[in-house]
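Novice: Residue numbers (this note's numbering), protein chains in the order written: chain F, 1 to 566; chain V, 1001 to 1127; chain P, 2001 to 2252; chain L, 3001 to 3429.
Treat the hints with caution; some may be incorrect.
[Said to hold, decoys possible] Straight-line alpha carbon distances no greater than 25 Å define the calculated PhoX-like cross-link-like pairs of lysine-lysine that follow:
hint, chain 1, residue 1, chain 2, residue 2
1, P, LYS2040, P, LYS2141
2, L, LYS3241, F, LYS87
3, F, LYS83, L, LYS3418
4, L, LYS3418, P, LYS2220
5, F, LYS87, P, LYS2141
6, V, LYS1113, L, LYS3357
[Stated by the list, open to error] Sample of chain F residues at the chain L side, in silico, Cβ under 8 Å:
hint, residue
7, ARG84
8, HIS126
9, TRP278
I should point out that these hints are in silico values taken from the structure, not numbers from a laboratory. Note that CB positions come from ideal geometry on N, CA and C, so glycine has one too.
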Amino acid sequence: MTELWVKNACVIDPIRGINGEIMDIAIRDGRIVESVSDRADVIDAQRCLTLPGGIDSHTHVSGTKVNFGRYMSPEDMRAGRTKRKGKMHVTSGYYVPTTFGNSYRYSAMGYTTLLEGAMAPLEARHTHEEFTATPHQDMMANTLFDGNWAVMDAVREKDVRKTAAVVAWTLKAARGYGIKLTNPGGTEAWGWGEDLTGIHDMVPHFAVTPAEIITTMIRANELLKLPHSVHLHCNNLGKPGNYQTTLETFELVPDLNAARQTLYATHVQFHAYGGGTWKNICSKAEEITRSVNSKPQIVMDMGQIMFGRTMTMTADGPMEFNLHCLHNNKWSNHDVELETGSGIIPVTYSKKSAVNCIMWAIGLELALLTKNPYQCLLETDNPNGAPFVKYPEVIGLLMSKRYRDEECATLAAGVEQRTSLCALEREMDWHDIAVMTRAGQAKALGIGSQGKGHLGVGAEADIAIYPIRTDSVDPAREYRKVVEGFQKTRYTIKRGRVVSRDGEIIVDGANATFWVDAKVPEDLKMENDPEFIKRFEQFYTVRMSNYPVQDVYLPRGRRIETEVFT
Amino acid sequence: MKFVLNTGRTVPQGTSVEHKGSDTYRTVASAGFLNPIDMMLLGIEDGDRIRLTTPAGHIVLTSRPAEGVVRGEVFVAIGPYANHIISSETHGTGMPDFKSQSVDVEPTGEPVKSVGELMEAIGGLRF
Amino acid sequence: MRVILESKVRAKPNLPIEAEAIIPRNFLKGTDLVVYEGNKERTLSELFWIFVEGTAVAPENIEVILKGDTSRIKRVGEYMDTGSIVIEGDIGMHCGNFMSGGTIEIRGNADSWLGREMRGGTILCRGNAGHYCATGYRGEKKGMQGGKVEVSGNTGDFCAEYLAGGTVHIHGSAGDFPGVEMRGGELIIEGDATRPCGNMKSGTCVILGTVHDMLPTFEKIERRVLPAWKITADVYRGDVANRGKGTLCVRC
Amino acid sequence: MIEHDVVCPFCGCLCDDLEIETEGGRIVKVQNGCALAESTFMNDVRLPAPIRRTETGWEDISYQEAIKETAEILQGADRPLLYGWSSTHGEAQSVGVHIAELIGAVIDNTSTVCHGPSILAIQEVGHPGCTLGQVKNRADVIIYWGCNPVEAHPRHMSRYTTYATGFFVPDAQRERTVIVVDTRRTDTAGIADEFVQIEHGGDYAVLSALRAIVRGKASVIPAKVAGVSKEQLIRIAEICKTAKFGAIFFGLGLTMSRGKYKNIRNAIELTDELNRYTKFVISPLRGHGNVYGSNEVFTWMTGYPFAVDFARGIAFYNPGETTAVDILRRGECDAALIVASDPGANFPRAAAAHLAKIPTIVIDPHVNATTALSRIHIPCTAAGIDAAGTAYRMDGVPIRLKKVIDRGYPDDAEILKKIYDHLNGGKGP
């Protein structure tokens, strides 16, 4: 039995309605309890800001595409190199760090749970191997279905039950967490070097549209009672004028779940562009947030970009190729048979580029214009918009109008005319930030019941104690203190153990991987469906029996079973 | 005569690769494939032995005719025989010139060595 | 001030030494510097006899002289910004990496990656230089960006790969692919070269000797006199495989 | 007993449809595999126990002794080299990387003498590729450049390309155009619709010419490039541009010939250019069964796919400097651990010879050429035969190798962990 007592913590725990109370937290064997014995180890939080462990609900840290980003970037590996020290393994890389680099840096920032944004089921084993080498965060993987042939066939037949059955089989095979759609239909078209231009275009050879895929998958998702909603990377990412596609997509979404959203729209900054060319691109954040503010069924995340060099990587292969034709730097592409695609290119977001400045402003506008912080979560689509180590700066910008104004003064012209950022007075408070970095994520991902995102009795003791005194720091003026404070926790506690202290990792990690075992009625089990089996064996290049991820890849797998639907 | 030494994988080499002490492996890895016209010019026939020399050393191989090999090239399965005479220069890339080593080829009566003998020639000891 | 470093005899003379600490500026504060031999940390005095003559108040007045077997010492002059280094014999890899000022003279041969990612200053190598002379790092888009590298002898392959600025002057011959991926700067080869300027985007390369295996994707623009070199040269534009607008002048 | 859907660990194809029949702990029959697979499973003669070289010959030693001495040799070294890794599973590779970071070693895998140049090229320009099923289901133009799958990857054509029935290519033989580019008229060339015979070392020039032609700059190209006529080049460019889905596979003919990675870079940039007209992909034909896995494991742990030098504590990478052949040629390393590979046979003479001058330890199921150069050889399981583990196919698809029999050997990952424990004062990685 191990016990820990955190005293004098200034707790913000939005899910439980606690906002800045000084209190003590008792921990036994990794969970929060009512009280501990007097033999418990004691941490004096000294009235510092104490939050549930951070949760990133959309990041790219593990798997085929991320590793390829590393593989092709020896120049980035020269940045951020650290030696082996104590319990810390060697790390390399800045925008595509090694797995240990990701894990240590997230941990230093108080993050204890991550959702890998995109995993192709065929390559799921790879993602899980990297999860075990990302030891300080509990992991889960969004599973890609955007170009899944069996799904598109079922969608064409308007068969929600069959769609759900394919999803359930695939999630189990891949040990995945939820449904990810990346440029639905577009990744299949990219198999021929083509893309779709809107949600009503036909996917070549499959006679379905993105709109049909999205709506059918939403219904299948709710039929299966998955903890998370459909997680969507809208069509037309990064194209001027794409906000209309985004708004049209939002209009498709019914409100089907009382406990959470029905659609999670990711990195919406990249989907909120007006204009028709790069010359006249402008912000449509107001239109997007007007829609979201009236639709509780939608949660989005920011997709904030920050200036500097980074790597873009997404399953959206065609988008990456278009971007490559603009940048003419190196380009990797990796299409996955019967499932999805992916592309990777390095980019530099520059303050000298009006387009980049507008993108930067849009992300912030989205957050500031969304009334309910539970509906706009903080992330950078790591590393697409910026490496996650920039989150503290994003927090600083959201909390301080002055910081934003100072940044705006250094930017190329355009921000003031083509976005509304400069006119926005809103300054977020500590509670808003706590929602946008953990409580909101826990709710959106449906992991509150797994004891994530709050500090109630029974919760997993994932806790971040920041060297910030909310009673003495004025974030509007002293934003640098805010940024610094969020860069390194004083303590990061993972399942009751102090894993990181003042930025230094002090124990070997032992993370868990959450995955969803969605139950379907007996007659819908794909493993017994002769047509499904036949097609699999004919067109995949691995045998169906070798496809599912074995349990050995999830040494600390946490299976979430759903109730079977009828 | 001057040739370019080219190396590559072959099925017989691959099937015996885990048995480098075997006679089969010796036979397949020590075959030097030449264009028949070059063999004529060298005055050798199928099965005659040839000696290949480079600045790195020399090696004796058994010659084999192969129509697919272009004139001026000698093809040898990837392995210890070819490597016995390939320079370890990598041009700063890590990769030696496995496919573009220039060699002198001449007929010889010397025997073909075993892999063990080759390893002993560079300081090893056969198990 | 002169700092003379004479290499000591080592038990394992083939072990590489990494000595990025050897730059003039560092000797302002003494000779208590750390270098690395294989995977072990050493003090400078463990590996060198150190002699200091005179004093200096500014780094530009410091001259460092390396004597003895220095052929395995890497990264000498890395990030050097002023002063001078003279190497009496051969020098190991990565001499003058990221150098931005000052001068390095090598009286013997230089190993590969001489002047890698150099930004300024001058390197003079009186012997031959190895592969990747005056180039960049793997995956990086720009190689040498400024300064001058002059080699009296020959260089190995891939000389001035990704050259983006500055001047590289080879008095002897260059190996395979000099000026490959060039995007700026000037490359002069007085001797011969094989397959020069593959995939070049921009910059100028002048070759006074014989070109072997000229690539098929260079467009001959004109024949003209180059007064600086007192020669008549064929002037090519390329590499057209890559929309390149580089200039390659070959003596005719 | 018959085990179905067994994965062959021999080459980068990792065919996973073999049927292996075992009888009393022995493999008696292999079905569906190629000749290479059959010999891999059937003729599996092993070194029975650890051996150590003495003044005059070899002696048997215990595993415990072998492991202890290995650890002591590595501990005392100033520049140890850990090399090989491509014929074992990822689990062993990952322990290898941990050992390297612990003792400040150089760790390199066999891609260094295989597709290392492809990696260097990818690091310059990226890699437009796909999984093999995309090619199987879609490709109507296949190019084999500087490779000979008939000999090196015997089932590549029947599983993934020329003869494979695909969803959009139901009549593969009729609907796919196969182009072979090589200096030799290989058996693969024999089945090509179009064979392009290139002069030695002429690949770069031919690729440059094709890129220029695709871009509409044919006028610049001379009548012949490295022995290939301009007419043929124009014809090839046209076939590529009008393909619905084209796939280039390349091999050691590009990576090992003069110019090395620049050849690959040029081929990738040709692919890139072709994507402006149609869909095109390119992929290396990887040799060892799990060589791609060693690149993957090295990359997520260190940031680099091969040739990683931990001498300074941090990971440093510079092929040509930190690659195994170079370190051996320069006589830098003073101890070597060779796992699941045979540099004695596969490295040029001078590099291999250095292994005999220093204490070299081999961990490998089989006696190989390197055994003769070693001080200690420790036998272990063979991944995919008597050990399970992860391997990555040449296209990055991870597949679990199966254990089909038990022969009583320890897994190499276990041996390596014990070495690590010794080095780390009894604490595991």
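Novice: Going straight from one Cα to the other, do V/LYS1113 and L/LYS3357 come out at no more than 25 Å?
Specialist: holds, 22 Å
Novice: Are the Cα atoms of F/LYS87 and P/LYS2141 separated by 25 Å or less?
Specialist: violated, 35 Å
Novice: Was the hint right that F/TRP278 lines chain L, CB cutoff 8 Å?
Specialist: violated, 19 Å
Novice: Are the Cα positions of L/LYS3241 and F/LYS87 separated by 25 Å at most?
Specialist: Violated. L/LYS3241 to F/LYS87 sits at ~54 Å, over the 25 Å cutoff.
Novice: Holds or violated: is there a CB of chain L closer than 8 Å to the CB of F/HIS126?
Specialist: With a closest approach of 5 Å, the F/HIS126 hint holds.
Novice: Need the status of pair L/LYS3418, P/LYS2220: alpha-carbon distance at most 25 Å?
Specialist: violated, 65 Å
Novice: The hint names F/ARG84 as touching chain L; please verify it with the least Cβ-Cβ distance against 8 Å.
Specialist: Check passed: Cβ of F/ARG84 comes within 5 Å of chain L, closer than 8 Å.
Novice: Does P/LYS2141 lie within 25 Å of P/LYS2040 when you go C-alpha to C-alpha?
Specialist: Outside the cut-off at roughly 33 Å; violated.
Novice: With a cut-off of 25 Å on the C-alpha distance, tell me whether F/LYS83 and L/LYS3418 pass.
Specialist: Holds, because 23 Å separates the two Cα atoms, which is no more than 25 Å.
Of the numbered hints given earlier, the model fails hints 1, 2, 4, 5 and 9; all others are met.
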